[in-house]
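> Next come the chains, spelled out residue by residue.
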Amino acid sequence: MTAQQIAGDRAPVAGVRALTLRYGDVTALEDVTLDIPAGRMVGLIGPDGVGKSSLLSLLAGARVIQDGDVHVLGGDMRDAAHRRRVGPRIAYMPQGLGRNLYPTLSVQENLDFFGSLFGHDKAERARRSDDLLGATGMLPFRDRPAAKLSGGMKQKLGLCCALIHDPDFLILDEPTTGVDPLARRQFWDLIARISRDRPQMSVITATAYMEEAAGFDWLVAMNAGRVLATGTPAELLDQTGAGTLDDAFIALLPQEDRGADSALVIPPWQGRDDDFAIEAEGLTMRFGDFTAVDTVSFRIRRGEIFGFLGSNGCGKTTTMKMLTGLLEPSEGRAKLFGHEVDARNLAVRRRVGFMSQAFSLYSELTVRQNLELHARLFSMEEGAIPARVQAMIDRFGLSDVTHAMPEALPLGMRQRLSLAVAMIHGPEILILDEPTSGVDPVARNGFWRILAELSRDDGVTIFVSTHFMNEAEWCDRISLMHAGKVLVSDTAQAIAESKGHDTLEDAFVDYLEEAIGEGEPAPQSQAPAPAPTGNAQGTPARFSLRRLLSYSQLEYLQLRRDPIRLAMALIGSLLLMIVIGYGINMDVEDLSFAALDRDHTTTSRDYIENIAGSRYFIEQPPLSGYDDLDAQMRAGRISLAIEIPPGFASDIARGRDVAVGAWYDGAAPQRATTVQGYVQGMHGDWIRRHMREAFGAAAIAGDFELVTRYRYNPDVRSVIAIVPAVIPILLLIIPAMLTTLSVARERELGSIINFYVTPVTRFEFLIGKQLPYIAIGMLNFFLMLAMARLLFGVPFNGSLAGFTLAALVYVTATTALGFLVSVFIASQVAALFATALLTLIPAISYSGLIDPVASLAGFGQVIGTIYPTTWFVTVARGAFLKAFGLAEMIPPMLAMGLAVPVILIAAMYFLKKQAR
Amino acid sequence: MNFKNIWNLGIKELRGLLRDPVMLILIAYSFSLSIWTSSNSAPEALAKATISIVDEDRSHLSSRIASAFYLPYFLPPNMITTDEMDARMDAGTDTFALTIPPDFARDVLAGKAPAMQLNVDATRMSQAFTGSGYIQQIVNAEVAEYVAGQRAEAALPVGLALRARYNPSLDPVWFGAITSVMQSITMLSLVLTGAALIREKEHGTVEHLLVMPVSAGEIMLSKIWSMGGVVLLASAFSLVVVVQGVMAVPIAGSLPLFLAGAVLMLFAMTAMGVYMATVAGTMPQFALLMMLVLLPLQVLSGALTPRESMPEIIQTLMLAAPNTHFVMMSQSILFRGAGIATVWPQFLALALIGTVLFTLALRRFRTFLR
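Top to bottom, those sequences are chains H and Y. Just so you know, numbering that gives the first Met the number 0 puts 335 at position 336 of the first sequence, and the rest follows in order with no gaps. Just so you know, numbering that gives the first Met the number 0 puts 319 at position 320 of the second sequence, and the rest follows in order with no gaps.
These are calculated hints, taken from the structure and not from any lab test. Some hints here could point you the wrong way.
As the list claims (entries may be wrong) - Across the chosen pairs, the derived CB separations fall in these ranges:
| no. | chain 1 | residue 1 | chain 2 | residue 2 | range |
| --- | --- | --- | --- | --- | --- |
| 1 | H | V861 | Y | Y28 | 15 to 21 Å |
| 2 | H | E618 | Y | L13 | 50 to 56 Å |
| 3 | Y | T366 | H | L885 | 53 to 59 Å |
| 4 | H | L897 | Y | V278 | 37 to 43 Å |
| 5 | H | N609 | Y | P101 | 34 to 40 Å |
Built from N, CA and C at the ideal position, the CB exists for glycine as well.
Use the sequences and the hints to build the structure in full.
What follows is the structure, encoded as structure tokens:
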């Protein structure tokens, strides 16, 4: 008996019962019941948005089960203990090119990260990654950052990362979408080889390519959240009596979803050979030393459908951008209708419609609003817009969804909307960048039917890029592109014949192999080494230092590759320290004042001199009267005005009641109080001096004397008091912001999936990520300490060791605080805003920087008491100014230390190990 | 320049904002609750200061002095011993410690002018000076009352009539509320435009616009008028309803004049937001950059502490920041009731800075889109 037969008889690797999943109002899966046979290649086919990805993520344990049951590898996936047990036996590659990879890390570093998440030691990781890279032909690229790999290589790397731990159940979500035919072929060869060597492995994969699905052992056809049919490809063909899987799938659909019955036939193009709509001559685009597009030339005749084929990253998009004027070519020329493309020529733009690869509709506008906005932007006449919008809605079949948001629409319909938007102003040229990527066959057929109409009936020139060979065959002419160069341009038939093949795909692969032969080395076709013996995959340990450190290493590498972020984190805090240290200045000095002297005697001048001579006030030109006083003070030019009444000197001499008037600006009460104090003090001084001169020393003897000692800061200088307290504030804001973004970013970019599907625990994930940021925080701490000492000249009297220890506790708390924020907030913008709000205000207002916490009112005081910053401000001032030893630092350190477990446990509690 | 495009794109921005509940909540929060809490928790110049008394005299006078410290200026004093004093001051428990020496009352009556010692924690800048002044006055009054009738006092021959203008009772809520509004204006105008532009770039919709017959200037102006308009409306609402209405803070000058100045400020700040978004490639970079820019702007603009007290070089540098002029202008109009005749130099400066920032941002924005 062969391994295959045994596998067929085994219990299913996974099964779902009555599985239902909803996202808000949208039902992704509805009552799905399915068994997935073990040891086979299972394909999941169906239009986009029918629940394929949802089903796969549920099988991988990456998503929370709402209704129904999911059993994988002999256990219930609702059970966290079971998920932890089987996690290492499942590998999951989410949809999207390199979605679970870290773009700034190199190939080798990505592999190492995944390896260490599964507990491999260094030697083991090296052995496994050498095997996998060798088998995939990636060895020469092991030091290249993942972001710089081509689409096909990214997917191979993703597969390597998925296979690094010898999984028993491999879950692939559209692994080959957006990958060129050669890379696709190599990818499936690789999977086939691996499953030959590891017959116990079961594979389930979703795909948009029916030709790939035909090669699988067993298929599941899905539509609208339900399973339509299951069986081998042959069984499905038999069942429907169709000739190809494409047709079989369409036949399985309910009648209303099938689209037009007739096969799409595009009548041949008829037009003038010398009437060119688009011309490219030697177009070249360089980004630094990388040549994205290398002397590309072609001419597209008016009314033609011209196809552009090639893998992701081969330069198709860049070429299209140069044609639309989005990019200025480094060399060469692009012409539309015989005019050179000029980004400033808005008139030419009106004749072109562009649909970019990235989904470029406004997700915040409804379908109708999107159409109306674009109509207006193309300066269509206001009166003509409703009719035109309606015409587009009817033509593109959007009438049921005019008030829906684009994000709520299935991909196929969104692409139709994008096309409608590109067509709203009736352009003569349409430039479409991969309009049908990820769209199911029915929707693609419908889409091309529209393109054919536009071209043949309306004479629109269409320049379209695609990955689908059947679409390429519908084009009048195509170009094959690879690594920035056009390999061949001709009709599909001529290209196939030129290489003596029946199909375009085979010819394309030939061309690619030829091109690669000159450039990149082809993959070595050795199979990966057999699975290591004794690969006992028991339940992973509850805690693994290696997994924890692998996240630390990951953060460290990402930080190192982003020097801007790192520099801003370090230099930024020093800069801010200068700003706040000098800026928050409580010394009220050099205030401007002016006098309104109505006496003009020596005595009155002496009084004014007394004020002008102090370091607090600077005299401005004298005032001429009340109006002048009003004007000066209103404009903020003076803070204090002194009015000396007429007869001031003579009244004093005669002992009559006399009063000096002092007006001061009360707008800023803090400053006003200080001014008030100064004026009273100086007034008293002057009188005492005057009396002493008049009556002798005895006249001014007081009842008692108050000796005031200003401790810790004898000169009462702001800088001395503020700078030590700035350190806690900056050690809060910057580390918290960095950790918040590190989680929010993983979530927004999709790599959070690695946390969902690998054995890493919440504790390891958070602490692992935290360590590098604690290190940055401590580095910041020492830099700021040095600056406080050297630049600001703040004396340091306390225990350095104690202060450092307290800083460590504090930075641990502040980095944890960042995590807590990020757990609740999904988007980076909101996370950034929320962190600013939650750290800046409490830190500056409530933590004793300026006003002691005891003086705060109500809410502020409560926050101030529990906020760790308050306690570290006490330690910092103590260490700098109050000669704190370790003993004095212990109580505030304990108060801060209490916050660490509280915040971390809260973050861990709310951080979910699965997507919702 | 096509005004219809600017209008239509602006409407799109507003619709987008309308569908972003988090942003809406944050805007509402920063112009209502945040202003209320931050201005109300700002204490008076001297409020609830902590004081301890070491009473070695234990006389009638010393207990009268101890009972003269009460709210709102001082928390009830703690009676401690000399030994406890240092530790309490070190821990920051007390800001002031007053030591009344043995036989103080007797010596006062005997005319020996005994010395009393006041220890002040001078790291508590906001209270150190004013607090000592208050303590001096309080003790003076108590001692004077105690000795009243026993000895003739030489009256001060010259009075001092102190009058605080614009805020006669020196109510800190007035200042706090209006400063908060100004800070919210600064922060939101920067965040709304900058973050929105980065998000649009990350989603690829900016690029899409550029293949349409819309110029970079039109895109920028549409963002400026829409986001600036939102902030302007929110701040007008905040001043009328929250500050004047709920918090009953009087506004001295003309609100329309202030809003006109705010328009210029928003023009400058939103242009700066666009500029920063073009400098920062990604959201984390933008976040850090924003911190680096926002904090100096807020702290050094003169809204928190007077400009006069800053080092000369910082004062000069900050003249290039729109905030500085905006703060001068707002304080003049809102607190002191100044008219255009007084604040026109600030209007001019804001318009100038705004134009320069807009030009720089537009130039960068064009290359950013390439």
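> Are the hints correct? Go through all of them and say.
Quick rundown of the hints versus the structure:
1. V861/H to Y28/Y: 15 to 21 Å: holds (18 Å)
2. E618/H to L13/Y: 50 to 56 Å: holds (52 Å)
3. T366/Y to L885/H: 53 to 59 Å: holds (55 Å)
4. L897/H to V278/Y: 37 to 43 Å: holds (40 Å)
5. N609/H to P101/Y: 34 to 40 Å: holds (38 Å)
Of the hints listed earlier, there is not a single one the structure fails to meet.
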